[in-house]
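Q: Given next are the chains, with one letter for each unit.
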Amino acid sequence: MTPRPSVEATRRPANAEEALVVKSRAEGLSFYYGAVRALKDLNIEIREKRVTALIGPSGCGKTTFLRCFNRMHDLTPGTRYEGRIILFPDSIDLVDKGVDPIEVRMRIGMVFQKPNPFPKSIFENVAYGLRVRGLRSKPRVEEEVERALRRAAIWDEVKDRLDSSGLSLSGGQQQRLCIARALATNPEILLFDEPTSALDPIATARIEELIAELRDQVTVIIVTHNMQQAARVSDYTAFMYLGELIEFDNTSKLFTNPSQKATEDYITGRYG
Amino acid sequence: MHATTAEASLQQIRADVNRRKILDQVFVIVGMLIMFSALLVLVILFLDLVREGAPRLNWDFLTSFPSRKAERAGILSAWVGTSLIMLTTATVSMPIGVAAAIYLEEYAPKNWMTAIIEINVTNLAGVPSIIYGLLALGLFVYQFNLGQSIAAAGLTLSLLILPIVIVATRESLRAVPRAIREAAYALGATRWEVTAHHVLPYSTGGILTGMIIGLSRAIGETAPLITIGALSFIAFLPESPFKGEFPFFSFAWLKEAYTAMPIQMFNWVSRPDPAFQVNAAAAGAILLGMTLLMNGVAIYVRYRFRKRINW
Chain A
1 MTPRPSVEAT
11 RRPANAEEAL
21 VVKSRAEGLS
31 FYYGAVRALK
41 DLNIEIREKR
51 VTALIGPSGC
61 GKTTFLRCFN
71 RMHDLTPGTR
81 YEGRIILFPD
91 SIDLVDKGVD
101 PIEVRMRIGM
111 VFQKPNPFPK
121 SIFENVAYGL
131 RVRGLRSKPR
141 VEEEVERALR
151 RAAIWDEVKD
161 RLDSSGLSLS
171 GGQQQRLCIA
181 RALATNPEIL
191 LFDEPTSALD
201 PIATARIEEL
211 IAELRDQVTV
221 IIVTHNMQQA
231 ARVSDYTAFM
241 YLGELIEFDN
251 TSKLFTNPSQ
261 KATEDYITGR
271 YG
Chain R
1 MHATTAEASL
11 QQIRADVNRR
21 KILDQVFVIV
31 GMLIMFSALL
41 VLVILFLDLV
51 REGAPRLNWD
61 FLTSFPSRKA
71 ERAGILSAWV
81 GTSLIMLTTA
91 TVSMPIGVAA
101 AIYLEEYAPK
111 NWMTAIIEIN
121 VTNLAGVPSI
131 IYGLLALGLF
141 VYQFNLGQSI
151 AAAGLTLSLL
161 ILPIVIVATR
171 ESLRAVPRAI
181 REAAYALGAT
191 RWEVTAHHVL
201 PYSTGGILTG
211 MIIGLSRAIG
221 ETAPLITIGA
231 LSFIAFLPES
241 PFKGEFPFFS
251 FAWLKEAYTA
261 MPIQMFNWVS
271 RPDPAFQVNA
281 AAAGAILLGM
291 TLLMNGVAIY
301 VRYRFRKRIN
311 W
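If you read the sequences in order, they're chains A and R. Counting with my numbering, you get residues 1 to 272 for the letters of the first sequence. Counting with my numbering, you get residues 1 to 311 for the letters of the second sequence.
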């Protein structure tokens with residue numbers, strides 16, 4: 001029922017010939033909060049170094065799906081996964097009980113809906129992931145922190161005040177700091193859970209630019225309730241409704257010529 | 001026509017708003033009156049103690065041992081005893097209380113066992129202090145053979161304030177937003193790392209406040225100390241915890257007999273000679289001052305930490 005995405009990304013004609021590597025694949029993924037089945041038999045392929053957007057009306061399960069990738073649900077008692085999310089190249093199943101969620105979270109980073117910097121210095125915010133991984137050498141930590149802050153396009157704004165609190169930044173800067181924090185440990189996949197929903201339009205534009213810059217470096221999955229945002233930043237888009245994956249395709253294809261009636265109704269604003 | 005209707009309704013709205021604002025004002029006045037009468041009682045009590053004890057509120061009073069002669073008696077052994085007991089109580093109840101709170105808040109599975117433990121911890125805060133005294137008499141004084149020692153007193157008061165420390169610590173752990181925990185977990189932190197690197201440091205202000213509130217409750221407790229046999233006449237000081245030579249501290253004082261501020265007061269109050277009432281009032285003023293000082297420190301600590309961390 002779900003149409004397979006076409007192999008070439010039409011948004012990138014220059015790269016149309018390149019082989020797209022599958023970074024992760026959900027196979028028959030279902031998720032339960034207690035007895036409530038929140039995700040129903042999802043099958044989807046996440047392409048490496050591409051941006052995949054998850055869209056759909058409130059309560060459709062897009063955030064629930066995103067949080068399966070780094071096992072955030074394990075923090076809530078009474079939740080259960082069914083099916084698999086395979087992470088390539090080593091083909092481990094991210095939601096397998098035998099796989100430690102901490103190991104998963106060391107490989108897959110996340111940026112949350114509301115900026116949530118630690119009430120520590122800007123430097124320590126970014127360094128925290130490195131410290132958890134046991135990196136002690138001060139010059140190495142400094143180097144990695146600077147690199148992450150540069151990648152998150154916030155270095156110039158904070159380089160003179162790395163010691164001031166992360167909470168002293170503006171909302172948009174805080175969110176870029178959180179992106180730097182997640183990037184510092186070189187995650188294989190970076191998850192964004194509605195990263196701009198608490199930000200003003202200018203800050204939102206900067207985050208979107210940043211995601212566009214990141215697409216060549218890291219695999220991104222982004223949940224958004226903003227369809228224009230999905231159209232602007234993503235290569236692939238998945239439309240979800242009531243816990244099911246309705247359609248998954250190239251972003252341009254999905255927005256201009258959806259194959260499902262439900263998708264069309266949603267993107268033309270008939271519900272949501 | 002239209003204009004007059006609009007004007008009339010505007011006046012109605014204004015009259016209505018004014019009436020409701022009067023109610024607002026009434027509540028402010030009533031609230032202030034109640035608050036000030038409560039404060040006034042405390043202030044009068046304190047001033048009364050100071051006035052009555054004024055003849056004895058001097059340096060000699062602080063540096064003299066108790067005596068049969070009221071005008072020569074002092075509270076040296078009492079305030080030293082109280083300080084050492086507080087030191088013991090803080091040292092014992094802080095780690096146990098904080099650890100218990102961390103377990104209950106961060107680790108304990110949400111099941112009926114945990115629920116029972118939680119309810120009991122809250123209930124323990126309401127147990128009369130003399131019951132703790134009886135428990136301690138059997139357990140610390142006889143079973144552990146600690147006798148009438150500072151160690152026994154410190155442990156007894158630790159038990160007494162543990163529920164306060166646990167409840168206050170849990171409150172402040174709970175105040176750390178879920179988003180912060182999730183941020184740390186998402187970076188691959190273990191539960192212990194999340195607790196030790198984030199939750200605990202961010203709630204230090206609340207924990208210290210709870211600790212100080214607990215200690216200021218303990219400092220005035222009399223009943224449990226009488227039960228476990230505090231002496232009221234101690235004319236010597238326990239061995240100092242600080243030493244001139246290595247290792248610079250000593251724990252010999254833990255096993256020594258003691259008296260405490262409220263015990264000394266109680267002893268003086270129960271004497272027929274009115275001269276001792278003056279001593280009791282002076283000691284009361286100092287004890288109340290110590291308590292207010294501790295609460296002041298608690299408020300300052302909370303303020304400092306709040307300023308640094310506002311979510």
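Because the hints were derived from the structure by calculation, they are not lab data. Hints may contain errors.
Unchecked claim - In silico PhoX-like links for lysine-lysine, alpha-carbon gap of 25 Å or less:
no., chain 1, residue 1, chain 2, residue 2
1, A, Lys114, A, Lys159
2, A, Lys120, R, Lys110
3, A, Lys97, R, Lys307
4, A, Lys261, A, Lys49
5, R, Lys69, A, Lys114
6, A, Lys40, A, Lys97
7, A, Lys138, A, Lys159
Q: If any of the earlier hints don't hold here, list their numbers in rising order.
A: 2, 3, 4 and 5
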